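Novice: For the record, the sequence lines run as chains A and B. By numbering that gives the first Met the number 0, the letter at position 26 of the first sequence is numbered 25, and the numbering carries on one by one without gaps. By numbering that gives the first Met the number 0, the letter at position 74 of the second sequence is numbered 73, and the numbering carries on one by one without gaps.
To be clear, the hints were calculated from the coordinates, so they are not data collected in a lab. Among the hints, a few may not be true.
Straight-line Cα separation of at most 20 Å, SDA-like style, residue types lysine to any residue; simulated pairs [stated by the list, open to error]:
| hint | chain 1 | residue 1 | chain 2 | residue 2 |
| --- | --- | --- | --- | --- |
| 1 | A | K295 | B | G137 |
| 2 | A | K58 | B | V97 |
| 3 | A | K58 | B | T101 |
| 4 | A | K190 | A | T162 |
| 5 | B | K34 | B | A112 |
| 6 | A | K291 | B | G137 |
| 7 | A | K333 | B | Y178 |
| 8 | A | K58 | B | T95 |
| 9 | A | K337 | B | G137 |
| 10 | A | K337 | B | S179 |
| 11 | B | K35 | B | S82 |
It should be emphasised that the depicted structure is a prediction, and the values quoted were computed from it without experimental measurement.
Listed below are the residues making up each chain.
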Amino acid sequence: MHEHIAGLAENSLPKARKAKSGRTPHAVGLIAAATFILLAFSGCDNTFSVFQSISQEEKQIGADLFKNTAARAMADDSSNYYVLLGQVVWRPKSGDSWDVLSVNGSTDYFAAGLAGDGTKIYVAKADINNIFDGIYEGTYTSGSSADAWTWSPVGDAKSDIETDVGSDFYVDWIKYVNDTFFVAVHNDSSKYSLFYYNGASFVSAGAAVSGIDAPLVDIVYDGSSSYWLISDSKVYKGTPGALAEDSTASNPDYDHYLLGIASDGAGRVIVSRRDGYVYSYDSGAWTSITVKSSTKLGPLFFLTLPASTPRILVGKGVSSYGYMEYNESTSTLKENGKDFVSTSQSIYYSTITSKQVQAFWQPVHEYDATKITLFILLASGSTDTYALYRNDYTISTESWSGWTAE
Amino acid sequence: MSKKLLAVTVLIASLSALTLGAQEQASGSSVITRKKGDQSITILAGGFIPLFVLDNTGALISPSNMYPGASFGVQYRYMLGKSIGIGGSIAGSFVTTVGGGTLFLAPIGVTAAWVAGGEPMEYEVSTELGMNIMRIYGNGLIEPYAKLGAGLSRYVSSSWSIDTKVSWCFIPEIHLGTYSSLNSYANFLEFSIGAIYHF
Numbered sequence: 000m001h002e003h004i005a006g007l008a009e010n011s012l013p014k015a016r017k018a019k020s021g022r023t024p025h026a027v028g029l030i031a032a033a034t035f036i037l038l039a040f041s042g043c044d045n046t047f048s049v050f051q052s053i054s055q056e057e058k059q060i061g062a063d064l065f066k067n068t069a070a071r072a073m074a075d076d077s078s079n080y081y082v083l084l085g086q087v088v089w090r091p092k093s094g095d096s097w098d099v100l101s102v103n104g105s106t107d108y109f110a111a112g113l114a115g116d117g118t119k120i121y122v123a124k125a126d127i128n129n130i131f132d133g134i135y136e137g138t139y140t141s142g143s144s145a146d147a148w149t150w151s152p153v154g155d156a157k158s159d160i161e162t163d164v165g166s167d168f169y170v171d172w173i174k175y176v177n178d179t180f181f182v183a184v185h186n187d188s189s190k191y192s193l194f195y196y197n198g199a200s201f202v203s204a205g206a207a208v209s210g211i212d213a214p215l216v217d218i219v220y221d222g223s224s225s226y227w228l229i230s231d232s233k234v235y236k237g238t239p240g241a242l243a244e245d246s247t248a249s250n251p252d253y254d255h256y257l258l259g260i261a262s263d264g265a266g267r268v269i270v271s272r273r274d275g276y277v278y279s280y281d282s283g284a285w286t287s288i289t290v291k292s293s294t295k296l297g298p299l300f301f302l303t304l305p306a307s308t309p310r311i312l313v314g315k316g317v318s319s320y321g322y323m324e325y326n327e328s329t330s331t332l333k334e335n336g337k338d339f340v341s342t343s344q345s346i347y348y349s350t351i352t353s354k355q356v357q358a359f360w361q362p363v364h365e366y367d368a369t370k371i372t373l374f375i376l377l378a379s380g381s382t383d384t385y386a387l388y389r390n391d392y393t394i395s396t397e398s399w400s401g402w403t404a405e
Numbered sequence: 000m001s002k003k004l005l006a007v008t009v010l011i012a013s014l015s016a017l018t019l020g021a022q023e024q025a026s027g028s029s030v031i032t033r034k035k036g037d038q039s040i041t042i043l044a045g046g047f048i049p050l051f052v053l054d055n056t057g058a059l060i061s062p063s064n065m066y067p068g069a070s071f072g073v074q075y076r077y078m079l080g081k082s083i084g085i086g087g088s089i090a091g092s093f094v095t096t097v098g099g100g101t102l103f104l105a106p107i108g109v110t111a112a113w114v115a116g117g118e119p120m121e122y123e124v125s126t127e128l129g130m131n132i133m134r135i136y137g138n139g140l141i142e143p144y145a146k147l148g149a150g151l152s153r154y155v156s157s158s159w160s161i162d163t164k165v166s167w168c169f170i171p172e173i174h175l176g177t178y179s180s181l182n183s184y185a186n187f188l189e190f191s192i193g194a195i196y197h198f
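Next comes chain A alone, as it looks inside the complex (with noise of 0.2 Å):
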């Protein structure tokens, strides 16, 4: 019975509508795979070769050591590399096997921070509870053994700093600076500061860095008059025991925005933000940069190498990371590692672009005169990668050899 009233009622629809509701499967699913090819193809890159990218890879063979972990400082002495992981590793400029640095005789430590002035290192060591226990000062003579290096502390950092800021305080980093040798730190209250070493005992950087809520970010020197330091919401400026807050105007003050510092040492210091802008300082004012708007940028580095066409290196990223190269004389960005330092995409998509940028950096030394190397450290991320690639510019030819794991 209720099949022939369900029978009446399908023959008593008008011929139109029954033809209609028979097509509707087809044109939702014409228009669902219509989408789906439009999206699909929307995603890609007509620029982009998959199996010649591909063909481009090189194995790269790196230290255990740089895998799952980051690379977060790193210093040279005329005869050997230095990198801030847990601990220092180092290698000989000459040689490529990578060890663990013992410091003031021992190799059981945590470092939380490593510093060089191209002569000397200097290591804040604590204990593997990162329990501060004082900064030592190296110096390499020869050899690889424990006793290649001499130790002494700088001062009495520990005893200095507790202090100011009370005995639960841990090292954020270390830098030397133009001959002046700097301490961030916070403590348990999240009160973050900065110090240096006035020659005779650590003493605090300035009253507008000491006990501020910001986490300090970097240090740099103008190559003129003062020394900028930022933390992620404002930009300080002046002179060590003397560093206040910049008031020029326009300048990128933001809460929790800034990301990078860097100076070219003839004046002009560039800063980095979360959105996308580099501001730039420059005879007394700061402009802004669009490098690539809503995009959360990174450590910076002015690349002067060639010399015809310096750039701005910009670490980068959220979900995809890496770095991104801003020629500022064209206002040109490249990204994805096309041209410049980066010799082949597949490489630099390989290496690089898993992992956040923690900092460019040059030695002071260069130990092959025809060439200049530049090492990018990168924080822990895929476990298929390394912590630590370099890339050797060949000063005759104008050419980089391409990223290579450490």
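Once you've looked at the hints, dock chain B against the given chain A.
Specialist: What follows is chain B alone, placed relative to chain A:
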């Protein structure tokens, strides 16, 4: 590690299906006769081996920098007669690269097959055409593909048979305009085992 785990899981699942099918056969016998309207669904898993890649001039790109990977697929077939079947296929494959990357491929296509033999062994020659979604390092392309394969299957019950198949997979990567120099022609060998459900 996770990719290897996935490949092992897929293989174990396929072998389990084959074992179940064999157990079902032990409990009874059935007569198999192909006819128009017969349908089947095949689940396949196996290896995916890069053979060679040619560039836009036809020259060999050497090395291809790809390592063998794995594949997984599902196929549907409708028999138009005793020997000819048509259907569709969806699959997923991956190969790893020398730089540590992973190339994912997801071909979706239509298939046609000529089937011969009878109970309990069947043989087939098949071809497949479709579009292939490729993705590596966050970059994707959609390109056509073609497969030519041969297979052998054995009924283990009235509803199930086990299957082994080898296919040559041709993937042309086509770029337009000034980027036509990026054109490449990749060739892979796919071998797989699987289970076929007939209904």
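Novice: None of the hints should be skipped; say for each whether it holds.
Specialist: For each hint, the structure was consulted:
no.	hint	verdict
1	A/K295 to B/G137	18 Å, holds
2	A/K58 to B/V97	5 Å, holds
3	A/K58 to B/T101	13 Å, holds
4	A/K190 to A/T162	14 Å, holds
5	B/K34 to B/A112	14 Å, holds
6	A/K291 to B/G137	19 Å, holds
7	A/K333 to B/Y178	18 Å, holds
8	A/K58 to B/T95	12 Å, holds
9	A/K337 to B/G137	15 Å, holds
10	A/K337 to B/S179	18 Å, holds
11	B/K35 to B/S82	9 Å, holds
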